[in-house]
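S.K.: So the chains spell out like this:
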Amino acid sequence: MEPILRSELLTPWEPGIFSLVLFAAVVLVLVGFLLFISAWLGEKSPNPDKLRPYESGIIPTGSARLRYPVPFFLVAIFFLIFDVEGAYIFSWAVACERIGWAGWMQMSFFIAVLLLGLVYIWQKGGLEWGPKKD
Amino acid sequence: MNWMIFSPEICCLATALVFLFLSMAPVDSRRDYIVAIALTGVAVCASLAGIHAQGELFHGTYRIDLFSQVFKSMLLMGLFLVVVISSGLNGIERRYHPEFYMLLTICTLALMMLVSAVHILTLYVALELSSYSLYILVFLRKGRDQGTSSGMKFFLIGASASATMLFGLALLYGATNAAYFRVLIEVIPGVIHQPEVILGLALALCGFFFKMAVFPFHFWAPDVYEGAAHQVAAYISTASKVAVIAVLLRMAALTGGASTHLVHFLAILAIISMTVGNLTAIAQKDLKRLLAFSSIAHAGYVLVGILCISPQGNTSAIFYALTVLLLKFTCFLVVVQVAFDGENIEIDRLAGLHRRSPIMALALMTALFGLAGIPPTIGFTGKLLIFTAAMEKGYFALVLIAMFNVVISLYYYLLVVRAAYLLEPAEGEGALAPMPGAGILAGTLVAAIVAIGIYPTPILELIRAAAMALG
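In the order they appear, the protein sequences are chains A and B. Following my numbering, the numbering of the first sequence begins with 16 at its first residue and continues without gaps. Following my numbering, the numbering of the second sequence begins with 77 at its first residue and continues without gaps.
If we strip away everything but chain A, and leave its shape as in the complex, we get (with noise of 0.2 Å):
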């Protein structure tokens, strides 16, 4: 067996390591060492014009907790479900004659599950849009 990777991937543990180790102490230093000049230097003024969200100016109106209609949310992840199904329908349908019917017999299963899926998430209303009858 040829490894894809030659061992180039990754330094060897040493003494690569000590390098890593001085650059990761370097960077830990430096970060540290801004962050409390500046929180020790730095003017403090805080008044609300300044802590507005918005730097520009505008005064932003409403609550930022919009509710969002589920049923969007639903259809969301139906569509990922039944979307991901696409990628192995047509990787087999490229491989189809090779595979022969092993793989027909194992597509057909997966279809079968999905399908089961679909049936299950109708059968309990995940598809039901607008207002609920009663």
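Fair warning: there could be bad hints in the mix.
Claimed, not checked - Chain A residues, not near chain B, derived (Cβ > 12 Å throughout):
(1) Phe33
(2) Ile74
(3) Gln121
What the hints assert, rightly or not - Simulated restraints, written as ranges between beta carbons of each label pair:
(4) B:His340 / A:Lys65: 50 to 60 Å
(5) B:Leu133 / A:Tyr135: 20 to 30 Å
(6) A:Val134 / B:Gln130: 36 to 46 Å
(7) B:Ala523 / A:Ala117: 45 to 55 Å
(8) A:Ala117 / B:Gly266: 26 to 36 Å
(9) B:Gln130 / A:Val46: 55 to 65 Å
(10) B:Ala246 / A:Ala117: 36 to 46 Å
(11) A:Glu143 / B:Met228: 18 to 28 Å
(12) B:Leu499 / A:Ile52: 54 to 64 Å
(13) A:Leu129 / B:Pro451: 48 to 58 Å
(14) B:Met228 / A:Phe87: 14 to 24 Å
(15) B:Cys121 / A:Tyr135: 26 to 36 Å
(16) A:Leu129 / B:Ala502: 50 to 60 Å
(17) A:Phe97 / B:Pro102: 26 to 36 Å
Please keep in mind that the hints were generated in silico from the structure rather than gathered at the bench. Beta carbons are placed, not taken as given, at the ideal position from N, Cα and C, and that holds for glycine.
Once you've looked at the hints, dock chain B against the given chain A.
M.R.: Structure of chain B alone, referenced to chain A:
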């Protein structure tokens, strides 16, 4: 292709399908319970009948040998026992009961695939399938807040752990150009001193450390045990731990014991896990949280057996899987009976359990003494095997630290036993009315814990043969 050797998995899949259809039928939880007991019982019989099956399936990505079959039998027994204590199932809303059974069986199917997988992709897919079923099971807890917050924690930590693991597997594949375990086991000992191989193995193990709740990935355990329904917590602490022990053994066997780095890595994790688990458990008030921290500590003990990478070490780890399965399940049996309403249970609520239900108090005491490693229980035998295996490899310091931890753990286990035996029951707490058959089940478990503790030879021989099949 020989489908007979695949029959335990097929039983599990069929059970899951039955419950998928039942979930679309009108709600009837009594029917679900009876169907679940019958079908999982059949699956246990199928796995016991096929315990000596051998073969390979799916182009050699799936190996069936004594090692995998012993673990599958344990997993299915775990599933069966959890199903048996689900007769009340008050922690989960009635309309979700079929889904509960379906996800449990799917999770067991995934765990069975996990112990048989000998290809890194099969391994990953099986691990994800089992994790996703468990995430949903945790969310199913009645009363939105508890289940949702603990489920969210479980999911986020699990997702990051599996990403770490994928990265490790990619490094491993890049360094060796092999995805089959039978090739890896030949290639790895030769290239073990390359950083990417060690790093790949260590990161790949992280995904399983998460399921096992070993130290840096243990934060979910107490919240999930507390937030999930009792039966789900029982399943997480028994069946899913058993499967992970199997995979860790397989992964550790890949190195052939050639790497001291990996052994040190595992030893450090083992020491921190057991110390953190035991020390934090002392402060717990909630019984399920206490059991979670004790699980973290036990993960540490099992790692001591796994890192020996010797036949004795493997035997001891497999035996300890059985130990954890029996002891933890017995604890949860008592939890389910005392808190039959599905609410969480404080240790104080156990007060006077020996008056309210002597058999449950006896079961709790035996199981906790077993977890603490007091003879003549199975817990003592399990710990003895692990410590002798480690001593044979010369890890004296590790065994000493583990011994200290056993002494610490004795303290909080005894606190629980004290609550059950020495405190008087609170006013108005009458006799416990357990579910029918719980007394018989508790008696059987106590008998099994003591009997295997005193005379483990027949089971030990089977396990020894299974450990040989691993190498």
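S.K.: Each hint needs a verdict: does it hold in this structure or not?
M.R.: Each hint tested on the structure:
1. Phe33: 14 Å, holds
2. Ile74: Ile74 of chain A clear of chain B: closest Cβ-Cβ about 34 Å, beyond 12 Å.
3. Gln121: The claim breaks: Gln121 of chain A does not keep its Cβ more than 12 Å from every Cβ of chain B (closest is about 9 Å).
4. B:His340 / A:Lys65: 50 to 60 Å: 53 Å, holds
5. B:Leu133 / A:Tyr135: 20 to 30 Å: Given a distance of about 28 Å, which is inside 20 to 30 Å, the answer is holds.
6. A:Val134 / B:Gln130: 36 to 46 Å: For Gln130 of chain B against Val134 of chain A, whose Cβ atoms are near 38 Å apart, the range 36 to 46 Å holds.
7. B:Ala523 / A:Ala117: 45 to 55 Å: 48 Å, holds
8. A:Ala117 / B:Gly266: 26 to 36 Å: 35 Å, holds
9. B:Gln130 / A:Val46: 55 to 65 Å: 58 Å, holds
10. B:Ala246 / A:Ala117: 36 to 46 Å: Roughly 28 Å apart at Cβ, these two residues miss the hinted range, so it is violated.
11. A:Glu143 / B:Met228: 18 to 28 Å: Distance hint for Glu143 of chain A, Met228 of chain B holds at roughly 26 Å.
12. B:Leu499 / A:Ile52: 54 to 64 Å: 59 Å, holds
13. A:Leu129 / B:Pro451: 48 to 58 Å: Taking Cβ atoms as reference, Leu129 of chain A and Pro451 of chain B lie about 54 Å apart, which means the hint holds.
14. B:Met228 / A:Phe87: 14 to 24 Å: 20 Å, holds
15. B:Cys121 / A:Tyr135: 26 to 36 Å: The hinted range 26 to 36 Å holds for Cys121 of chain B and Tyr135 of chain A, with Cβ atoms some 29 Å apart.
16. A:Leu129 / B:Ala502: 50 to 60 Å: 53 Å, holds
17. A:Phe97 / B:Pro102: 26 to 36 Å: 28 Å, holds
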